[in-house]
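Asks: Now for the letters of each chain:
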Amino acid sequence: MKIVFFEFKKMMFKPILLILLVVFSVIDVYLLTVNARDYAPFSSMESAEKLYNDCCEKVEGKITNEKISFVIDKYNETAAKISGDFYTDYDTSNSYTGYLQSDFNVFSELYSGIKRVYQYSENTEKAIEKAKENIEFFSESGNAAQVKKYEDMISVYEGRKVDSFYRTDGFEAYFGHNFSSLIALLMILFALSGAFSSEREIGMTSLIFTSKRGVNGIIWPRLAASVLICAFLVAWFTLVDIATVAVTNGLYGWENPLYSLPSYTYTTVNYSIGTHVILSALLKVVGLCSVSFCIISISSLSPSTLVSFSANITLIIMLILFDDRARFGGSKVLSAFFNPISLFTLQDVSKLYTTVEVFGQSITSFAAEICVGLVVFAFLFVFSAFIMRLSSRKVWRGTR
Amino acid sequence: MKLTVDKINKSYGNHTVLNNVSFTMDNGVYGLLGSNGAGKTTLINIIVRLIGQDSGAIICDDVDVTKLGGEYFNRIGYLPQYPRLYKNFTAVEFLKYMSELKGLKKSESSSRIDELLELVNLTADKDKKIGAFSGGMRQRLGIAQAMLNDPKLLILDEPTAGLDPRERIRFRNILSALSADRIVLIATHIVSDIEHIAKNVILIGNGNVLCQSTPEKLINEMKGRVYECVVPIEDMQSCMSKYCISNAVLEQDGYHLRIVGENYPENAVPCDTPTLEDAFLMYSGEKIL
Chain X
1 MKIVFFEFKK
11 MMFKPILLIL
21 LVVFSVIDVY
31 LLTVNARDYA
41 PFSSMESAEK
51 LYNDCCEKVE
61 GKITNEKISF
71 VIDKYNETAA
81 KISGDFYTDY
91 DTSNSYTGYL
101 QSDFNVFSEL
111 YSGIKRVYQY
121 SENTEKAIEK
131 AKENIEFFSE
141 SGNAAQVKKY
151 EDMISVYEGR
161 KVDSFYRTDG
171 FEAYFGHNFS
181 SLIALLMILF
191 ALSGAFSSER
201 EIGMTSLIFT
211 SKRGVNGIIW
221 PRLAASVLIC
231 AFLVAWFTLV
241 DIATVAVTNG
251 LYGWENPLYS
261 LPSYTYTTVN
271 YSIGTHVILS
281 ALLKVVGLCS
291 VSFCIISISS
301 LSPSTLVSFS
311 ANITLIIMLI
321 LFDDRARFGG
331 SKVLSAFFNP
341 ISLFTLQDVS
351 KLYTTVEVFG
361 QSITSFAAEI
371 CVGLVVFAFL
381 FVFSAFIMRL
391 SSRKVWRGTR
Chain V
1 MKLTVDKINK
11 SYGNHTVLNN
21 VSFTMDNGVY
31 GLLGSNGAGK
41 TTLINIIVRL
51 IGQDSGAIIC
61 DDVDVTKLGG
71 EYFNRIGYLP
81 QYPRLYKNFT
91 AVEFLKYMSE
101 LKGLKKSESS
111 SRIDELLELV
121 NLTADKDKKI
131 GAFSGGMRQR
141 LGIAQAMLND
151 PKLLILDEPT
161 AGLDPRERIR
171 FRNILSALSA
181 DRIVLIATHI
191 VSDIEHIAKN
201 VILIGNGNVL
211 CQSTPEKLIN
221 EMKGRVYECV
231 VPIEDMQSCM
241 SKYCISNAVL
251 EQDGYHLRIV
261 GENYPENAVP
271 CDTPTLEDAF
281 LMYSGEKIL
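Chains as they are written, first to last, in the working numbering: chain X, 1 to 400; chain V, 1 to 289.
Hints may be right or wrong, so weigh each one.
Now the stretches of chain V that chain X is said to cover, found in silico as 3 or more residues with beta-carbon under 8 Å [what the hints assert, rightly or not]:
id, stretch
1, 48-55
2, 70-77
3, 118-125
If you're looking for bench data, these hints aren't it; they were derived computationally from the structure. As the structure is a prediction and not an experimental result, all values here were calculated from the model. Glycine included, C-beta positions come from ideal geometry on N, C-alpha and C.
The task is simple: from the sequences and hints, build the whole structure.
Replies: Shown next, in the form of structure tokens:
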């Protein structure tokens, strides 16, 4: 275990990395603050934002008749005030925010939010009814695959309901922010590109190879240390992002179902927002680890850190471009599932009910991508160990 | 412990680096002396099993080291040429890391590390980052790591390269202290590194063992083969091309030359204090131009 700690320290505790960690964190916080403010309703008008915040605080939590009445009353009251000609000048005596229109906008936002939550179950039932109609249609035309697809869809959507209301802009901003994944990728590139090549440059390889444990003594600890580095980076940026959004917008309703968020209304999963935060962080760790195994393998084959860094940055750019092309190119191709980068943006996949055919079985893209991601992770773990051993044998024979 | 290098051959393509190299070592300091490119590092790399030989064997206590497997590495300590080590580790952390790799038990590694830091005079700097160490301190730390497993064969490749005279002397003294109950093999092209501490010198040139003997014997053999003379400044150029000059000092009356070998000027007189450096020049047959 101790050797894993030393490997971790060797690769991570470098002044340049610690400086980068601070600089990247500051940039991340800045960008997220700017983006998150865009998600917040009425962020450009202080009085309206304050009114919205106060009202949300009042009605958040379990939905009750009292809370619904409060929102409807206020909505009707402010709607009445802006019907026909109304006073548009600043006036605090007759309005909450100073403007009648702003008052209405605030309560309209609140009204539509609570209405969406209240009617979620009803809307889902409608979707289920449609699915049942489709099953009937496809049964008649003998399309068993489509029948199975809609049956699965019904089993996912059936019984869904949202009991509690919380403002959602915080989590929407948090899940919509992917910049920290890019930073984590860059950090891992700086941390691991020299994992083996820099050791050759400083003459440590021969010391390691002539020790009792030899190269076998460092392969597994080094892979384990790279997993720890990935976990550390993801945990760090997850916490930075959560703390930032908690300050700028607030994060409410951790235990509410994920489908209570507007952009996840038709998600394929039925767990809570909090679970999704944890799961998406874990998937990022898996994706980042897979990339890190590639980086370490390339480093073990590279004659210098510069070559290793150049090859690795090319690889990462290609993976990102490939992922973008697969994601935004219209249709998701199966080969894109094998790209570890895709695990970084998996929350996008979970938003809609999309399926892929695997051996004639229809499974959700989200589940398929997780399975493939784990397989790719396991494969690259073993493969990188093999490459490292192979490269050490090359040194052994004196061919390098 | 006894280590035999038995008819080792190694080539890279058409270039022969080692040609039938053989010698035997038991406890004491051995100097592997040869000019740059003579094949010292290749031979060392074969002895520590970093690279394989084309033919021949390394035999440790009558057993071929290939049959000893990992056990062989328990018996050796190695310090490569110009190790820079991990800059972000402290001396203690580095030694702990190396103890892990050498498979030392936790209980024995702490006391061993303290002992070795004391030996190489780094106790006061044990918590300093290696990045802040001087070349000499790094070399001493390198020695400490090589000694962690208390090896019976300590191999050092150009250990004093880049060290100042004070560090060089300190380093030599440490090696002397370590040589009582083990083989210490020092590969170097700096004669003074081994002149006073080596019990045996192996001269290597162009991949061949030129001779293996004690420094005293080598120096004695040079008696009558080293000459001194004074030549005018204008004759210096021609002397350099004609004779094997081991030393040249410019003084008021001209160049005071020290010449090695059978070929010397008529006015030269025999020198009665030959050195190991003279023997090195004689056997390597190199002219200093």
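Asks: With a C-beta cutoff of 8 Å, work out whether three or more residues of the stretch 48-55 of chain V approach chain X closely enough for the coverage to hold.
Replies: Contact hint for the stretch 48-55 of chain V vs chain X: holds, 5 residues under 8 Å.
Asks: Taking 8 Å as the Cβ threshold, is the statement that the stretch 118-125 of chain V is covered by chain X upheld or broken by the three-residue rule?
Replies: Per the Cβ count (0), the hint is violated.
Asks: Counting residues of the stretch 70-77 of chain V whose CB is closer than 8 Å to a CB in chain X, do you get three or more?
Replies: holds (count 4)
Consistency with the previously given hints fails for number 3 only.
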